[in-house]
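Colleague: Sequence:
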Amino acid sequence: LILLDNFEQVLTAAPQLLALLQAAPGLRLLVTSRAILNLYGEQEFPVPPLLLPADDQADMQKVPAVALFLARAQAVRPDFTLTEANQIQIATICRQLDGLPLALELAAARLRHHTVAEIAAGVGQNLAFLTGRLQDRPPRQQTMTAAIAWSYDLLPPAGQRLLRRLGQFAGPFDLAAARAIAAAPALTELDLQELAEQSLLQTDRVPGHWVMLTTLQQFMHLQLHQEEDLADLAARFWQHYRDLVAQAAAHWHSETELPWRRRLHDQQDNIRAALNWAIQQDHTAAALEMAVGLTNFWSRAGQLHEGRRWLQLLIEGRDSAIPAPLLGQGLRSLGHLTLRQGDYPAASQLYSRALTIYEELGDQHGQMIANINLAICAAERDRPVAARAFNEAALAQARQLGDLPMEANVLHNLFAVILEHEGDLLAANRYGQQALQIWRKLGNEARIAGALNNMGVAQQIQGNTAAAAELFQESLRIRQRLGHELDIAQSECNLALMQHKMGQTAQALAGLGSSLERRYQADYRRGVLECLRSLALVVSALSPASGLKLFAAAEQNRLRLGSAIDRYMRPELARWQQALQAQFTPAEYEQLWRAGGRLQLDNAVSLARQLIAEYVRPADSLDRKAQST
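Its first residue numbered 33, the sequence shown is counted upward by one per residue in this note's numbering.
For the record, the hints were derived by calculation from the structure and aren't laboratory data. Some hints here could point you the wrong way.
Straight-line Cα separation of at most 16 Å, EDC-like style, residue types lysine to aspartate or glutamate; simulated pairs [unchecked claim]: (1) Lys-533 / Asp-555; (2) Lys-473 / Glu-502; (3) Lys-473 / Asp-435; (4) Lys-94 / Glu-74; (5) Lys-533 / Glu-439.
Ranges of calculated distance between the beta carbons of each label pair, as one might list FRET restraints [what the hints assert, rightly or not]: (6) Ala-228 / Ala-263: 37 to 43 Å; (7) His-285 / Ala-263: 52 to 58 Å; (8) Gln-396 / Arg-626: 35 to 41 Å; (9) Pro-188 / Arg-304: 28 to 34 Å; (10) Ala-267 / Pro-188: 38 to 44 Å; (11) Leu-222 / Glu-287: 31 to 37 Å.
Each residue gets a CB set at the ideal place from its N, CA and C atoms; glycine is no exception.
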């Protein structure tokens, strides 16, 4: 057996190894190399980076990357341990360093003179932070920069230039993107595969995509001063992702929407980098146009907070740099995400600003959209007269424009307003059926699912539990197929209440748990509160005290948010609360109510998760328990 280490520096000598093996049939060679030798009979054993901790990782010290960091940290500070206070920062260090053993060792060595927090900040900003002074290590292993330069310097100038340009990517990329950004139209997948074989790129989980480790990206950014066309490189990157978003936006509300949303999801890090660059270059209007194109993606993916942050950044204080038609679109987009979060006063202000712009422009379509959403805001704020007025104005505009989809939208909204605030089931159903008929004619599955959900609410109000459950289930199936996260959450929540009434307690709790997580991740606060109220109803059949505490938390957070309970739910909640109150003495009730009311939203969600984990057991035993309570 012969061991050959770091063979990448003499890769051209690889054929001599084959000759050696042929001359000595019993010989075995164990070769370490950052590049594949590409010899006949070669058996590859890839050595990937160490596994990284998950966001919700338990037993953090058992994760290989964390274990190595701890071991090297204790070599310089024997008293160093993993604690609840430092585990998040240690996980951050491991992720920033891609789980690379040398990088982790160098970072841990800095604990002689730095805190964990300082190391986490340092490695995220400066590759030069990773240095060491071990006398038994060769120079290339004394710093992370030298370790990467060792491989980089082995590349020919053209390969170095390509790698520098690929370092512009903040996330995965495919061949088309690499050609566009690197200005290399003749680039092939084989070229990228060769870089991967030299450990300079990684194959991504998405087939046909590659990704560069963060530490390598930092090194490539340090080399970018060698680029003669640095400004052109950044501009190509921006233009490529601007075009990608524009292409995706052309597919919204069509049969091809889902694959485009998945594509944008895979490219999010690059899209964020492109938006950041455009903002830094004061390309406000172009960046806002891109953000408007991303609004449907953010909404469907439940990324309401992120989308709202980008749009606020681009609109607030920058009005003068934005053409009026685009500003109207931007306000509508920001209003949409704000409305989806349940912040109705803020959404109302945004749509009012948009309406004023569209009135000044004489844009009837824009006025119609603003009126539709102002009606929704008014209805959610318990202002039915204003809601109906906005809806009727929008309906007249839709019919004047001959816009069938918008006409169906308004009919759908009128259905909801009349059902919720006027209690005229016949009139509401008439509007709802008209809307559903138009959506079926147009073949818009997302809207069909929404109409079915609202028809289920109508059945629920009439006390037809089984019929309501069937409609909610049909709506849920469509929404799951479409992958619309918040819409799925709405159907799950509605269906769960019907399952509870039918004695299917375990299914109800599971559905509410799923709905809660989707809405919480999306920062859809009104939806989170709806889930908490519904969970309180279900849990109270198992533990009245827990149900009351959770309901108090939901109510106090609702009052802080300024959100209204759907009118059709108020009588049922009042009856339930009265029956629940009868199970306690006044002092007990007050104590539980105060305890729940003190919980902020995050704490209330934690309580809900604990209760779900406690009570979700095999369906048959749990349902029997609920029925006997």
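Colleague: For this structure, which hints from the list above don't hold up?
Modeller: Those not satisfied are hints 1, 2, 4, 5, 6, 7, 8 and 10.
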